[in-house]
Amino acid sequence: MSARLKMILGRVAQAIPVVMGVVVISFLLTRAMPGDPAAYFAGPAADEASIAEIREALGLDKPLFQQFFLYVGDLVRGDLGTSLTTGQTVMSDLAARLPASLELTLVALLLSCAIAIPLGVLAATRPGTWVDHMCRILVTAGVSMPTFFTGIVLIYVFYYLAGLAPSPLGRLDFIYLSPPHVTGFYLIDAALAGDWETWFGAFKQLILPAMTLALFTLAPIARMTRAAMLSALSSDFIRTARAAGLGSRKVLYGYAFRNALLPVVTTLGMVFSFTLGANVLVEKVFAWPGIGSYAVEALVVSDYAAVQGFVLAMALLFVALNLVIDIAYALIDPRIGLN
Amino acid sequence: MLSIKDLSVAFKTRKGEVNAVRGISLNVGKGETLGIVGESGSGKSVTSYALMRILDAGGEIRTGDVTYDGIDLRAASEKDMRDIRGREISMIFQNPRAALNPIRRVGHQVEDVLIRHAQATRQDAKAKAIAALEAVKINDAAARYEAYPFELSGGMCQRIVIAIALACKPRLLIADEPTTGLDITTQKAVMDLVGELAQERGMGMILITHDLGLASQYCDRIVVMKDGLIVEEGQPDKLFIDPQHPYTRKLVDATPRLGASIRNLLPPEARSPEPAHTVHTRPLLEVRDLVKIYPGKAGPVQAVKGISFDIKSGQSLGLVGESGSGKSTTSEMVVRLQDPTSGNILFDGHDIASTPSGRFMRHAARRDIQMVFQDATDSLNPRGTAASAIAEPLARIDRIRGAKLEARVSELADLVGLPQPLLSRFPHQLSGGQKARVGIARAIALEPKLLILDEPTAALDVSIQALVLNLLVDLRAQMGMSYLFVSHDLNVVRLLCDEVLVMKRGEIVDRGPTATVMDNPSHPYTRALIQAAPQPPEPVAA
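One line per chain: the protein sequences are L and D, in this order.
Here our numbering is used: position 109 in the first sequence is 940, and no number is missing along the way.
Here our numbering is used: position 301 in the second sequence is 439, and no number is missing along the way.
Hints were generated in silico from the structure; no laboratory data involved.
Incorrect hints may have been included.
Covered by chain D, per the in silico footprint, the following chain L stretches (three or more residues, Cβ under 8 Å) [stated by the list, open to error]: (1) 888-899; (2) 1059-1069; (3) 1156-1165.
The list that follows gives simulated cross-link-like pairs (lysine-lysine, DSS-like), each with its CA atoms no further than 25 Å apart [to be verified]: (4) K542/D <-> K1081/L; (5) K642/D <-> K326/D; (6) K264/D <-> K275/D; (7) K168/D <-> K307/D; (8) K435/D <-> K837/L; (9) K143/D <-> K326/D; (10) K435/D <-> K388/D; (11) K168/D <-> K1081/L; (12) K307/D <-> K1081/L; (13) K388/D <-> K364/D; (14) K275/D <-> K326/D; (15) K1115/L <-> K1035/L; (16) K264/D <-> K143/D; (17) K376/D <-> K168/D; (18) K1081/L <-> K376/D.
Glycine included, every Cβ here is placed at the ideal spot set by N, Cα and C.
So here's chain L without its partners, still in its complex pose (with noise of 0.2 Å):
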């Protein structure tokens, strides 16, 4: 056990070059845009004279590598500047909105898995039967439709024709009074707070965003627990298991299915990384005031704070991720971490 912590704590120091480099890169980037941040924030009216009074005033009259070490001690002390666009900090922005982001790909992901991971196992078991067959149609089909559309179509069906869902607008319908602010998450925060009325008021805000985004990402989960699912069944370790009478139930289950996490868990890193990034769509379908609407909306007027705190903040949870993913390998997999 303590070969695996200390591969754990390695992987952790590997993740700080990293991080650094983003620190830089970013920097480096959003200075690269185009556009002058000074004038925008001048506004249409001003003159050279207050466009210069302004640019003193964020500091980026300064040489480059000035500006950088600013930044850099701003970052140590927790501040990521202010948002030229919202006048908040980026850091109050970014505790706002990537809650939201978070919680709705979270949900989405849980109930992709729900539905594929148990799919795929079917599949992997009756293969060439209906069942298979079934489960090839619905992955096409989910994956071959763009989330725009799923949206609109889920918002057509759902809230105009069947009025089941509550109007898309955002996390929370305006009756409901947001919940006290501990995760961010509102599901968590309203479940804590024990106001079940909001608890449900959010989920039913969540759901058709959840499917839309779920529907997408069922493919890959599906057909790569599906394969691995097949190859660990035709292993050798199976015939021997059966060969000694185990049920069929721990033959598949704690023989076949364990094997087969190894790559459904790399698939499903891969699937929240893109999923973090694709889902600006959906928030905008929805009006979800998520990450990804508030950085496309930032890049579009040179919000270079903005900017760099979503870089940033996106960064250092991908390095998040992948830790996750490589703790999760090593706790599935005994030879991972020891060679």
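Once you've looked at the hints, dock chain D against the given chain L.
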């Protein structure tokens, strides 16, 4: 105890139905050991899977009765079968490391079986699992209980597989090629263990193997299978001394054994006189103080510890040893795929060890030192045809192209006895023997002076092995090549090599002319190796 009557098994494949077993009948008595011997594709393993009802998808029992202790195994429900498997009839398999769940502690895998068959409760499962491990003579069983398969040697893994199979004290054990892929001394230890346990417990056994010698040593009775049919049945001695069926005769002939020459392995009608090869006194290869150190997890590992030897021009040198002895590392250094840590390799008087392996491709000696690899399948590009495999060294090193290249490839195919139409085929469309011929043709394409053969026949059936060995003897005489023949099979080395080196833990422990070393082994390790090899009864000269 077990009786099979008129069993036939068919597999549905894309190309239609394949009849793997075509109506066989056999009986196993209480405490009896029955050997089922046959080459790949003979249906011997399928027979055992069918009676356990664990056939792969697409396989189906067509006709016949399988009765075990009065129970009709064909008619039994799947639930009853699960009770019988592991409890009444158990199986052990080849490739033991793959036969164990790679991510579950071996002790837990033993427990799974004990708990499944109500031989243990959650409370006493661990103690009983350790006892089961002790029963198969695993030292320090309590520590091994916690191990994962990748932490154990192949022989140890096979003991775990045996422990799983025998944990519930079954009355019939089916051993499906239990020692394939294991070292010769490990093979003996495993077979002795299984034999002992069977005798102790009065357990019946079916030993499925391609090795007639092994079967004759451990079985009371042998059936020989070919193409899904039983062609002969009898006592081991009788089968060997007086085989009735021509196929049995062919198998007996092809089994390397004491007193047989390399031509004796072939069927009588194919035995042309053995061509002589001349050994010159001039050394072709001189290896001096060769050392290879690998950086290991727990400090550096010295795989080869300063060995020296010569190969004379035209000579065949056998390099014998078990896994971990450093024989493969040595051969890879000589063929310049690996760099030695220190020491010299003189080829024709020039030191070739000073050129790093990465740049040896352009060295003038590259064409003179070639290699035939162990796994004929894995060493061929699956997306390349046989012709392209043979053409590769010609195009890269000789830089010949077009019609000239084609002519040379077909000439080489003739030389190794590969029919011309097969040249356009891909590896998966070729048989094991044909792939071995492609590998040999590729290696001799540049007419090397030294050919390194790394267990070239280890994965082949004995009758194919006989053909390939004889081909190597013919090529040696024709082209005057020297061989470095790496093998764990002493009987094969005896047939082919002038001199032999015995390696153990990176050192040469025994060396000399093959006959001298094999007949009067001076080192105890050589003696142990020779004794561990199965000694088939000597047949009457044919």
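We went through each hint and held it up to the structure:
Look at the region 888-899 of chain L against chain D: 0 of its residues bring a Cβ nearer than 8 Å to a Cβ of that chain, fewer than three, so the hint is violated. Residues of the region 1059-1069 of chain L lying with their CB closer than 8 Å to a CB of chain D number 4, which satisfies the three-residue condition for coverage. With a cut-off of 8 Å between beta carbons, the region 1156-1165 of chain L has 3 residues touching chain D; three or more are needed, and the interface restraint holds. At roughly 61 Å between alpha-carbon atoms, K542/D and K1081/L are farther apart than 25 Å, so this suggested pair is violated.
As the CA atoms of K642/D and K326/D are separated by approximately 18 Å, the hinted pair is consistent with the 25 Å bound. Restraint check: the Cα-Cα separation between K264/D and K275/D comes to about 17 Å, which is no more than 25 Å; the hinted pair holds. As the CA atoms of K168/D and K307/D are separated by approximately 14 Å, the hinted pair is consistent with the 25 Å bound. Note on K435/D and K837/L: the hinted pairing holds, with a Cα-Cα distance of about 14 Å set against a maximum of 25 Å.
Straight-line distance between C-alpha atoms of K143/D and K326/D comes to about 33 Å, which puts the hinted pair past the 25 Å bound. The hinted pair formed by K435/D and K388/D fails the criterion: a straight-line CA distance of about 48 Å is larger than 25 Å. Of the pairs offered as hints, the one joining K168/D and K1081/L is violated, with about 32 Å between alpha carbons and a cut-off of 25 Å exceeded. A threshold of 25 Å between alpha carbons decides the hint, and for K307/D with K1081/L the separation of about 21 Å falls inside it, so the pair holds.
For a cut-off of 25 Å, the pair hint linking K388/D to K364/D stands: about 12 Å separates their Cα positions. As the CA atoms of K275/D and K326/D are separated by approximately 14 Å, the hinted pair is consistent with the 25 Å bound. Proximity of K1115/L to K1035/L is assessed by CA-CA distance (about 18 Å); at most 25 Å being required, the pair is judged to hold. Only pairs whose Cα atoms come within 25 Å are accepted, and K264/D paired with K143/D is rejected, the gap being roughly 41 Å.
A hinted pair counts as satisfied when its Cα atoms are at most 25 Å apart, and K376/D with K168/D qualifies at roughly 22 Å. This hinted pair does not check out: K1081/L and K376/D have alpha carbons roughly 46 Å apart, beyond 25 Å.
Checked against the numbered hints given earlier, the structure breaks hints 1, 4, 9, 10, 11, 16, 18 and satisfies all the rest.
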